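Put chain B on the given structure of chain A with help from the hints.
These protein sequence lines map, in sequence, to chains A and B. Take the first sequence: its position 88, counted from the start at 1, is 88 in this note's numbering, and no numbers get skipped. Take the second sequence: its position 88, counted from the start at 1, is 1088 in this note's numbering, and no numbers get skipped.
Honestly, the hints are just simulated from the structure, not real lab data. Do not take every clue at face value.
Said to hold, decoys possible - Some, not all, of what chain A presents toward chain B, calculated at C-beta under 8 Å:
id : residue
1  : 29
2  : 33
3  : 36
4  : 38
5  : 169
6  : 265
None of these values were measured; they are calculated from a predicted model. No residue lacks a Cβ here, since even glycine has one placed at the ideal position from N, Cα and C.
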Amino acid sequence: MKHLLSAADLSRDQAIGLLDLAEQMAATQGREIKKLPTLRGKTVVNLFFEDSTRTRISFETAAKRLSADVINFSPKGSSVSKGESLKDTVLTLGAMRTDGIVVRHSASGAPFQIAHSTWTDASVINAGDGTHQHPTQALLDAMTIRRQLVGAAAGQGGARRRERTADAAVLKGQGLDGLEVMIVGDVLHSRVARSGVDLFTTLGARVTLVAPATLLPVGVETWPARVCYDLDRALAATPPDALMMLRVQRERMSSAGGGFFPSPQEYSREYGLDARRLAALPAQAIVMHPGPMNRGLEIASEAADGRRSVIVEQVANGVAVRMAVLYSTLTGSKEGAL
Amino acid sequence: MAVAEVLDGPDVARAIQRIAHEILERNHGPAGLVVIGIPTRGVPLAARLAHGIGQIEPSWEQALGQLDVTMYRDDLSRAPTRSVGLTQLPAGGIDGATVVLVDDVLYSGRTIRAALDALADLGRPKAVRLAVLVDRGHRELPIRADHVGKNLPTALAERVRVLLSETDGRDAVVIEGARP
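If we strip away everything but chain A, and leave its shape as in the complex, we get (with noise of 0.2 Å):
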């Protein structure tokens, strides 16, 4: 795998090959010594012009764990806010033989179109571009629900949740078939929906998608999910396995709502996530999040601390899924990749 672009790239072997290759990733990260020398001598440019800050250190983190260098750029006190263009800015990084570029930016495509140029030829790992895609928070979010809900479901029921992670032996080859994945909220601006959509459903889940009107893309009913609009039917109609809150995106909106939805207050009476709602959720439900949270809005502190959210779990897979990915672009050799 040269690049990592769109968790739409993926087929299914390729996916399942990403996450069991993240959980002997995860293996190693429990040791004392946690570094690897695995990509020793290589160099990892962390390429954020929107601002980051789980995704940037989760980055940094699993590119160090694994020896390679890593250069942190930021627009703010670079040539950007001279206004360098984003080609002149690659074709800098590609002079200085950099061999993978983790890029966020706030263009949808622009990983793609740096990826697909003449400008460098390093690798190039998506992470995060406008309302596009997030392939690699798609896999730790599938990392997770793996973890908590595959291979110990066949035994045990729901009741334990919390005591059976399974471990790296079990989950080998499984995918996520047969779950229920329910994702709610700001869906329009979101590209971990997008992404989440892609990976799960080629992984055998199921989804639905749960937002106002006004926070749905035009054409999601081409999208492999079910659309719903009312967040109490649709946790009476197909109880989740996973249920992912999605963050209100304001920096994306206009004003207070935006002209989205009414008022804050109305948004997180429809599709919050509070006390009553997580108490009637199945008893094997967990509760994500992919961070940063709205707490009192989209979610609520009782959701967000209690016994099923993973929201931290979730953070700590980034570093394993991540790890999993820049092993997987940056070794091998050039003319196998192409």
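Just chain B, lined up with the frame of chain A:
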């Protein structure tokens, strides 16, 4: 392509049994022994060796593990991307233990070099020994085996394959592309 069988099933079993005795002799008993196989075929070999040691010394609390060395290899940017296998250590770890690394064929020595680096990241064994079923020569690094099932002088063009019933349906060691 010429295929010559150099060890058959009973030969393999005898070699493993002999190595089990050698390990115990060298170690003056079973104290502190940890047997670790290198995937793929080192893993079943290590299991058989541990079983053999356990039969000779029933008091030995079987300590068996496996060690994937893929991420420590020096040829990761030469070959196509390799898949990473499972690493599992016995519950007691390897600190202060006498680790016996087990692999099927000793050739360039690069796998063992990677294994030694991987071991160093996992703990500090008292000693590391190497047991292989076949030593085919052509070393590229200063590494030797302590226990060898069979020394097999080969030409570079030849390919030595160890077949084990766990992975291949039967036990044998064959040379492919041998002299006509």
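Status of the hints after comparison with the structure:
For residue 29 of chain A, the interface hint is violated, since its Cβ never comes within 8 Å of a Cβ in chain B; the closest pair sits about 12 Å apart. With a least beta-carbon distance of about 4 Å to chain B, the hint placing residue 33 of chain A at the interface is held under the 8 Å criterion. The criterion of a C-beta within 8 Å of any C-beta in chain B is met by residue 36 of chain A, whose closest approach is roughly 5 Å, and the hint holds. Here the hint on residue 38 of chain A is kept, as its CB sits about 4 Å from the closest CB of chain B, short of 8 Å.
Taken as an interface hint, residue 169 of chain A checks out: its beta carbon lies about 6 Å from the nearest beta carbon of chain B, inside 8 Å. For residue 265 of chain A, the interface hint is violated, since its Cβ never comes within 8 Å of a Cβ in chain B; the closest pair sits about 49 Å apart.
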